[in-house]
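Could you build all of it, start to finish, from the sequences and the hints given here?
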Amino acid sequence: MSEHTREAMEYDVVIVGAGPAGLSAAIRLKQLDADLNVVVLEKGSEVGAHILSGAVLDPCGLDALIPDWKARGAPLNVPVTDDSFYMLGEAGKLRIPNFPMPPLMNNHGNYIVSMGNVCRWMAEQAEELGVEIFPGMSCSEIVYGEDGSVKGVVAGEFGKNADGTPGAGYEPGMELLGKYVFLSEGVRGSLSKEVIEKFDLSKGKEPQKFGLGMKEIWEIDPAKHKQGSVTHTMGWPLGSNAGGGSFIYHLDNNQVYVGFVVHLNYENPHLYPYMEFQRFKHHPMVKDLLEGGKRVAYGARAISEGGYQSMPKMVAPGVALLGCSVGMVNVPRIKGNHNAMLSGKAAAEAAYAAIQGGRASDELGDYEAEVRTGAIGEDLKKVRNVKPLWSKYGLTASLTLGGLDMWTNTLGFSLLGTLGHGKSDAEATGEASKFAPIEYPKPDGKLSFDRLTNVSFAATNHEESQPAHLHLKDASVPVSVNLPKYGGPSARYCPAGVYEFVKDETGADKFVINFQNCVHCKTCDIKDPSQNIVWTVPQGGDGPNYPNM
Numbered sequence: 001m002s003e004h005t006r007e008a009m010e011y012d013v014v015i016v017g018a019g020p021a022g023l024s025a026a027i028r029l030k031q032l033d034a035d036l037n038v039v040v041l042e043k044g045s046e047v048g049a050h051i052l053s054g055a056v057l058d059p060c061g062l063d064a065l066i067p068d069w070k071a072r073g074a075p076l077n078v079p080v081t082d083d084s085f086y087m088l089g090e091a092g093k094l095r096i097p098n099f100p101m102p103p104l105m106n107n108h109g110n111y112i113v114s115m116g117n118v119c120r121w122m123a124e125q126a127e128e129l130g131v132e133i134f135p136g137m138s139c140s141e142i143v144y145g146e147d148g149s150v151k152g153v154v155a156g157e158f159g160k161n162a163d164g165t166p167g168a169g170y171e172p173g174m175e176l177l178g179k180y181v182f183l184s185e186g187v188r189g190s191l192s193k194e195v196i197e198k199f200d201l202s203k204g205k206e207p208q209k210f211g212l213g214m215k216e217i218w219e220i221d222p223a224k225h226k227q228g229s230v231t232h233t234m235g236w237p238l239g240s241n242a243g244g245g246s247f248i249y250h251l252d253n254n255q256v257y258v259g260f261v262v263h264l265n266y267e268n269p270h271l272y273p274y275m276e277f278q279r280f281k282h283h284p285m286v287k288d289l290l291e292g293g294k295r296v297a298y299g300a301r302a303i304s305e306g307g308y309q310s311m312p313k314m315v316a317p318g319v320a321l322l323g324c325s326v327g328m329v330n331v332p333r334i335k336g337n338h339n340a341m342l343s344g345k346a347a348a349e350a351a352y353a354a355i356q357g358g359r360a361s362d363e364l365g366d367y368e369a370e371v372r373t374g375a376i377g378e379d380l381k382k383v384r385n386v387k388p389l390w391s392k393y394g395l396t397a398s399l400t401l402g403g404l405d406m407w408t409n410t411l412g413f414s415l416l417g418t419l420g421h422g423k424s425d426a427e428a429t430g431e432a433s434k435f436a437p438i439e440y441p442k443p444d445g446k447l448s449f450d451r452l453t454n455v456s457f458a459a460t461n462h463e464e465s466q467p468a469h470l471h472l473k474d475a476s477v478p479v480s481v482n483l484p485k486y487g488g489p490s491a492r493y494c495p496a497g498v499y500e501f502v503k504d505e506t507g508a509d510k511f512v513i514n515f516q517n518c519v520h521c522k523t524c525d526i527k528d529p530s531q532n533i534v535w536t537v538p539q540g541g542d543g544p545n546y547p548n549m
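According to this note's numbering, numbering within the sequence shown proceeds without interruption in unit steps and concludes at 549.
Worth double-checking, as some hints may not be accurate.
[As the list claims (entries may be wrong)] Cut-off 27 Å, straight-line C-alpha distance, at most; resulting in silico cross-link-like pairs (DSS-like, lysine-lysine):
(1) Lys446 <-> Lys226
(2) Lys335 <-> Lys203
(3) Lys423 <-> Lys381
(4) Lys160 <-> Lys510
(5) Lys224 <-> Lys294
(6) Lys198 <-> Lys473
(7) Lys335 <-> Lys205
(8) Lys203 <-> Lys473
(9) Lys485 <-> Lys503
(10) Lys205 <-> Lys423
(11) Lys510 <-> Lys442
(12) Lys473 <-> Lys193
The set of hints was computed from the structure by calculation and includes no laboratory data.
As structure tokens, then:
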């Protein structure tokens, strides 16, 4: 970089990621001290562009951050009115009664929302307070001080050639430096991953576990629409092949969010999560709802599922990890946005106190303590055994023993203590020869769709002349190891068709990376059995552009 000098700008706090955690931190910092200089850097083309709409939001995070959010016009307009759980068979369904479920599973008082729109609204609140928000600014590097502490990030590097060398219009980016840096990149963010490894923050913790969440937005027949209705299912089509389930949320304007989650600790490498999702929509219950409607958007993302025992240490000198960068999803509730907001608030309060005390670039221990012992820790401790029970003993054990454990935890104790997860999701992948291939029906183009057609509904875009943001540690591994040993699972676990095995002109196997298709779900970085694929940020603004709905 000797011929390209980077300019530097200094702030009190630099925040990477304009999701619910990062924006909550920015808002709280300015609430505490209007004179603090706070910047938020977002890799999406706009705030919300990389946030796939559709969630049930527990408003406790907003209540704590902006108590008058209703008066301020927050886009929480659809309260949950009906909440149902079903166990599916191939052609039938069995409703699970609500009354045996622990109180924490009740969705009363929650809202069906577009998180993209919630984040856009939060960005408006932050900017009114004086926060600087820069969308289209990928953060590609950590800036370290001479003492090894995190001092800032490099953002806005553009114009590299496909081979990684600077092009004619190369811009080296800028160093944004702060007394503290908050990483709120979401699941498996590249900078967070680097910091966790550099400072050994996962030492003594269980491995993080993940799910792949895929979602479509549908506009359906008004006669079938039930605004405020929430449905969750388990069972078919996954059966014993993998853990997971679905959700169907009825928003307003005759829109329905149809989602499907596959736990990434599945063993059978022939499993094709995307096609399991497409097959699910042909269940009579779902088919009847969607027939006559149209799909208007598609997307996918990884979900952190490890829970309380998998959360790494959240602080290192000069840096704090927020929200899904840590893994704060309550798995049985399928909710994490409320905890992300609470984590941002807690980090901001810890940084404010430190700055007021003349500190900088040290560890924000008060933040860590608040997360583990406060509302977030209480939320996650109650459900900490559901995921390991499901992973080790299956769905029935998760429903029975997991339900009992949630009840006892609600009463203040646990008969099971804290269970471990064991293997990482990559290590859980079995050899292809030990499993039977799975036959999937061809998409019909009405209810189910091929991957590439669906990816076009994510409006994802990557400049093809830039370097691929998906790297191989060893270019030979996909063909020499993953194809013969695991059946080339990347061709199936990716929900965007990024990876494929083809024959070259000599008839030999060749591994192709279609990085232009990437929707930034990070599944490849998580599930690759050889841990040979590394996801990094592309140029700012590239990636999905989920609709403003």
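Worksheet item: Which hints from the list above does the structure break, by number from lowest to highest?
Response: none
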